[in-house]
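Undergrad: Using the sequences and the hints, build the whole thing.
Counting from 1, one number per residue, gives the positions in the sequence shown under the working numbering.
Just so you know, the hints here were simulated from the structure itself, not pulled from any lab data.
Each residue gets a CB set at the ideal place from its N, CA and C atoms; glycine is no exception.
The reader is advised that the hints may include incorrect statements.
[To be verified] The calculated lysine to any residue pairs, modelled on SDA-like cross-linking and capped at a C-alpha distance of 25 Å, are: (1) Lys374 x Asp415; (2) Lys308 x Ala391; (3) Lys308 x Asp264; (4) Lys374 x Arg354; (5) Lys308 x Glu274; (6) Lys308 x Ile399.
[Said to hold, decoys possible] Pair by pair, the computed Cβ-Cβ distance ranges are: (7) Ile128 x Met455: 24 to 32 Å; (8) Thr140 x Met1: 13 to 21 Å; (9) Pro345 x Ala226: 37 to 45 Å; (10) Ala320 x Gln136: 52 to 60 Å.
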Amino acid sequence: MLELQIGFPGGRYFAANNADPRQPEWPPHPSRVYSALVAAAYAGGRQPSAAERQALQQLEAAPPPAIRFPEADVRPAADAYVPVNDPRTRIEAKKGQSQGPLMPNRQVRQFPAAYMLGEPEVALAWDINVSADELQVLDTLAARMTHVGTSHAFVTATFHAQAEAVPTLVPSAAGDIFLRVTRPGRLIELDRLAQQGHGTLRRPPPMAEVLAAYTSPAAAPETLIASRYDWVTLRLRDASWGADTANTLGRALRRAAMALIGDDMAAEVHGHDEEVPHVAWLPLPDVGHVHARGRVIGIAIALPLSMKEQDRLAALASLARLQRLTLPDGQVAGVAPVIDGPEVPVALRSSTWRQASTHWSTVTPVLLDRPPRKSNSDTVAAALADSLDLAGFPRPVSIRACQTSDFDGAPAAMDIPTRVPRWHARIVFDRPVEGPVIAGRWKNFGVGLFRPTPMELRS
1 MLELQIGFPG GRYFAANNAD PRQPEWPPHP SRVYSALVAA AYAGGRQPSA
51 AERQALQQLE AAPPPAIRFP EADVRPAADA YVPVNDPRTR IEAKKGQSQG
101 PLMPNRQVRQ FPAAYMLGEP EVALAWDINV SADELQVLDT LAARMTHVGT
151 SHAFVTATFH AQAEAVPTLV PSAAGDIFLR VTRPGRLIEL DRLAQQGHGT
201 LRRPPPMAEV LAAYTSPAAA PETLIASRYD WVTLRLRDAS WGADTANTLG
251 RALRRAAMAL IGDDMAAEVH GHDEEVPHVA WLPLPDVGHV HARGRVIGIA
301 IALPLSMKEQ DRLAALASLA RLQRLTLPDG QVAGVAPVID GPEVPVALRS
351 STWRQASTHW STVTPVLLDR PPRKSNSDTV AAALADSLDL AGFPRPVSIR
401 ACQTSDFDGA PAAMDIPTRV PRWHARIVFD RPVEGPVIAG RWKNFGVGLF
451 RPTPMELRS
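TA: Structure below.
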């Protein structure tokens, strides 16, 4: 076992969440800590020794570490207006010109910070063994670390050969918390970025960095309810539709696919046989961040794993030939397959909708299969549980029904054009469930589509 202990004397950690720059990252992601170690190796203009490079490369190739950290206040950062020191501003100042005290037309800045509510220390523990010499090399690098994240907060760091306490999060394939970790080649990738300098407007997506699933060791589940679907994602271009029209858009895609497949389509595709599970045509809206507007940017096709292989291949072949999709309002959208990767928008990543989780929230509301005669919190919760049960999922241990989604940009329940009672929901299962989680009357067309609940809303 190898543990890195990082102290934050000021009790604060400054780093932005990758998905939302207003939201502080917490806990520190292992990949960010590794970058801080690499920066320490180059501190003061020095070059790392061969032993230091070898130690860093051993660390980047290690399995994801367990992490120990205190609770923290992670409220979003407020807007800040800072003086701009670009050349044009300095010249205008010398001429006596001014743009006013608020500097109009300047970009707003945020400085997100996590304020630690317990002992201000974070520890990462890798399940690897190192020699005494290697430990000494790593500890020397840790001693040169000045900060993790931005340079606003000073840190102290030391390496130890033993983990001193129970971790807060451990790697788990059934986990629903995702942190960035390194892969072999990360040191070389960081070297290349440093050689490019700081003039690049946008850094390329990291190729030696991946998301690893984590969970609490105390709540680590023994069983996982596996997904019943295969998953194909198509990107939509040159058309603009909102998530409130998911049903119409999903049906348009099914018609287009059926026209390409022909008369020999499987019952799972045409959907007229109630004895077999149906293909789900799921519009994927851009939601869950401060600028989200609920615009559909892609469609996922969820193919039941129970489909015969020849039927599945026929459906996939037809989708591969689909290049354009004519929408009911006359818009013609370009269609292209999506290959998962760090540069793909969050809404188009399969992990966004398929990762295992015990906590799920609706992006589009559930149209109740069995609406109660009298609506109150108990009867609506029971009806939502019935819809999930009918869709093949376990009954949740907790259900919170409401008219708005937990995700910014998602449509309100009343925005869905139907008279059928529909509700947004936040649910909790007693064990992790792999997505996609879909429920309700229009579940096969993207109405009643769930996504793992944001971490800050889980209790």
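Undergrad: Against each hint, give a clear statement of whether it holds in the structure.
TA: Evaluated hints:
For the hint pairing Lys374 with Asp415, the CA-to-CA distance comes to about 22 Å; that is within 25 Å, so the pair holds. Restraint check for Lys308 and Ala391: satisfied, since their Cα atoms lie roughly 20 Å apart, inside the 25 Å limit. Note on Lys308 and Asp264: the hinted pairing holds, with a Cα-Cα distance of about 13 Å set against a maximum of 25 Å. For the suggested pair Lys374 and Arg354, the alpha carbons sit about 34 Å apart, so the restraint of at most 25 Å is broken.
For the hint linking Lys308 to Glu274, the alpha-carbon distance of about 17 Å falls within 25 Å, and the restraint holds. Our distance criterion of 25 Å between C-alpha atoms is broken by Lys308 and Ile399, whose separation comes to about 35 Å. The beta-carbon spacing between Ile128 and Met455, approximately 28 Å, falls within the hinted interval of 24 to 32 Å. Separation of Thr140 from Met1 is about 20 Å and conforms to the stated range, judged on CB atoms against 13 to 21 Å.
Taken as a hint, the range 37 to 45 Å is violated for the pair Pro345 and Ala226, whose Cβ atoms sit roughly 26 Å apart. For the hinted restraint 52 to 60 Å between Ala320 and Gln136, the CB-CB distance of approximately 56 Å keeps it satisfied.
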